[in-house]
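Using the sequences plus the hints, can you model the full thing?
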Amino acid sequence: MIRTILKLSVCVIITSILASCGSDRSSESNVLPLQGTQFNPLSGNLSITDGIISGTGKMVANLPLDSVQSAHHFEIAFRIPNGGALKLLTHATDTLESGNAIRFVRQRNIVIIEVDSLPVGQFETSAETDTLRATIDVHNDESEGAHILVWAGGASTAGTENPLCEPHRQNGLLGAGSYWGLELDQATVSLAKFGDAIDQD
Amino acid sequence: MIRTNAAILLGSLALSGLLFAENVNSNDTGLQLSIAADLLGEVSTIENGGGINRLDAREAEIGVMAPIDPYLDGYLSMAAHREDDEYVFEPHEIYLSSSKFIPRSRIRAGLFFLGIGRLNQFHRHDWAFTSAPKVQREFFGVEAASDAGIEYSWLTPLPFYLELRLGVTSGWAYGHAHGIGTQPNFPTHYLRATYYNDLFSNGGIQTGLNYLGRRNSSGQWMTLLGIDLTAKWRQDRVLTFLLQSEFWRRQLIQDGTPTETTIGYYLFPQYGINPSMEFGIRFDGYAITSQQDALGNAIANFDYAIVPTLSYHTSEFATLRLSYHHSSDTTSSIEIGRQRFIQLQAVFILGAHPAHDF
Amino acid sequence: MISRFSRLALIGFFLIGTVTAHAKLNVVTTLPDLQWLVGSIAGPHADVESLLSGTENPHYADAVPRYIQKVANADIVCLVGLDLELGWLPKVLTRSGNAKVQPGSKGYCNTGSAISVLQKPTSRIDRSMGDVHPFGNPHYTLSPTRMIEAAKFITQILITNDSAHQKDFEGNLLTVTKTLRSLHETIRSKFDLALKNNPRPFMEYHQDFVYYFDDFKIYSIGSLEEKPGIPPSAGTIAQKSQLAKSEKVQLLLAPEGAPHRTLEKFSEISGVPIVTVNTFLRPSWGKNDYRELHHDIANAIIARLQTGTPR
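Chains as they are written, first to last, in this note's numbering: chain A, 1 to 201; chain B, 1001 to 1358; chain C, 2001 to 2311.
The list that follows gives simulated cross-link-like pairs (lysine to any residue, SDA-like), each with its CA atoms no further than 25 Å apart:
| no. | chain 1 | residue 1 | chain 2 | residue 2 |
| --- | --- | --- | --- | --- |
| 1 | C | Lys2100 | B | Leu1158 |
| 2 | C | Lys2196 | C | Ile2302 |
| 3 | A | Lys87 | A | Asp116 |
| 4 | C | Lys2091 | B | Phe1348 |
| 5 | A | Lys87 | A | Asp185 |
| 6 | B | Lys1100 | C | Gly2087 |
| 7 | C | Lys2070 | B | Gln1121 |
| 8 | C | Lys2265 | B | Asn1274 |
| 9 | B | Lys1134 | B | Ser1245 |
| 10 | C | Lys2227 | C | Gly2271 |
| 11 | C | Lys2287 | B | Gly1204 |
So the derived label-pair ranges between C-beta atoms look like this:
| no. | chain 1 | residue 1 | chain 2 | residue 2 | range |
| --- | --- | --- | --- | --- | --- |
| 12 | A | Pro33 | B | Phe1283 | 33 to 41 Å |
| 13 | B | Phe1283 | C | Ser2233 | 31 to 39 Å |
| 14 | B | Ile1334 | A | Gln107 | 41 to 49 Å |
| 15 | A | Ser47 | B | Gln1292 | 24 to 32 Å |
| 16 | B | Asn1297 | C | Thr2055 | 53 to 61 Å |
| 17 | B | Tyr1304 | C | Ala2238 | 43 to 51 Å |
| 18 | B | Ile1180 | A | Asn45 | 40 to 48 Å |
| 19 | B | Phe1122 | C | Thr2175 | 41 to 49 Å |
| 20 | B | Phe1122 | C | Pro2228 | 24 to 32 Å |
| 21 | B | Gln1292 | A | Ile110 | 37 to 45 Å |
Calculated from the model, a selection of chain B residues having no Cβ within reach of chain C, i.e. all distances over 10 Å:
| no. | residue |
| --- | --- |
| 22 | Ala1193 |
| 23 | Thr1261 |
| 24 | Tyr1265 |
Honestly, the hints are just simulated from the structure, not real lab data. For clarity, every value in this text was computed on a predicted model and none was experimentally measured. Backbone N, C-alpha and C define an ideal beta-carbon position, used for all residues, glycine too.
Laid out in structure tokens, this is it:
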């Protein structure tokens, strides 16, 4: 009787361990919810406290964009320390490869905007402790290459002002997938969501 | 802005010169000039219903054609339409064509609407309805996919109508483009086979099988496969019944791996009430069949539209059209977007009498 | 890898359509009436086919692919011209890829260029006047005298394309000319007899019968249509009914396919009887003889005149 109970207990424990290992990718317990957008960590060390994600690593949004050849805006709120960075990856594969990359990197009191590793604009001066808000349009359906517009501020005010920068990716490059996500380098993110493109050209 | 205004001014001056020239639409040079105007008003019936909520001149198009010499014909069409807050005047088609070099063959070279599908081969003001179905907008453009290249059509010497067509165009731009686009890794190319069969009671049905491919500068292959079907019954002046439909599948492939597969279609049956009036209802469908979340779970999605349309022709040269656009976009059984608006369209043609296609 | 045999088969397949040597000419006409005329002249030296079956309105046909395929195989295309087929034939010709039958080529047989045209506008016209044909009224096929003029032109085209049978074509031309002249005299005599004591005018729905009335000396006060190609409004029907009454119109002639309700309304108000007739041959219905068409039309008119009551 005791042996039977022990055997059953071992089976239950083993089954629980196996169940908790989850699928090929992240299980629900690894999801990082951020104001309505669920992210799945892909690599690195990311944590969430009081609705703010921080650390160094890469995470992909669970729900994809409308399609590969689509145009969307992305609204993010973030903080970057000196030398840190935040990269928005759009229209990428589910492992965030082969997409459009818009990188925000802080050099002291300036946050520089880079596309394809080239500086294309910058924010007004800010401190490391300041939370910056940006709205980024990515039009992945243009024959000249992905068209990227970056505004300072939220989506409600974007489009009423001139963007900080408005480059096309070089050589007509476009993102190859329909997923999006973020890559943090010592950064914190408190908001990240997407919607229809602001600039309807 | 200045460049646009200059283009409009130059175009207007050229047009004025043509209109006052004695040989317009005369037999001296065979020059034929026609102008098509498309006026559109939309009113949303719900908040953010998708209509433009005003009356607007959607497009004005000038078409000019003439024999150039005994071997070549020339065709030019320029269109003014609204982009953002201003009217843009740009070429739609500029090409040479000939059916005199190779027997049973037509060749055209230049800038033209790609000879593929059904809607893509017609200018929007010639459509049987007001606006493009979603599959046309997404796969080809708001009006049509056009590009510069060369197209060859050959009518097979069979006892029935079967035409084969091959086109190759530069592919620098496909769909949305602000400028000349970017050189692709492989140009746009397409094939079409068109078959026709008579039906009972003065009817006929034309079926087209279509393929289009292009590899953009990012190395992504786009392939389109489609079938189009047009059936017509005509009694004297009355188009008693029209059935027009297209079904398309688009696949995007990156580095040998399919990244997205989409299907889209429309079906438009139309009944001729009398010589002046027709009523039809268009059914549209669109879905990304490969859509998955980041965990690999399939995401069900389906966009549909139902567009009843009433057309009234005062003559061959003017049409008034009233339609109601009812559409819904759903993802995972949740409606994420809806459009409800009424459209009133007026199309008229000045100048040369355009010949009717099937 | 395509085998040598397959390659040869492909080349042969391609050439089948491109080799143009024919024992007989392959002639395509737009109307069955022209098919009859060309067939009468060409005799056994041509296969003649009509694109339209006679039941369609030649103003409003489409560039049906079947027409394109037939024209692609043709040595000659004969049309009425005068813009009757403007709405569809140019597309058919272009899409056929057949250089022999393009305008200006030796296989392009525009019979309208050879006839004595009626109602050619002498002043500036525009579409506010309706569907006015700028080169004149194209509905000449109901006129035996114009068909004789067309026959002469067709003969020249046939000879240009097949000079070996010139004598046969010219001989057949004489025969068909005699036939048409005899037909013209016979029908004219019928009408002279029928209208001798009753010379009141006719009317027509559309201007289909202008040449017919001209050939047979029938006086017409005009058409019921508001303007050419524009169906009459209720007001126009009333107005023209009054005119018909005052002019003592004795009959209105209309083609099959004219709107019945409009004709009935007119007849009801004016008291004028309506006669609807086929205006083209209909070979698929067994009606493929031009003389028979004319006798059918004349007999229908005369029968109505004799009964004298509205339809």
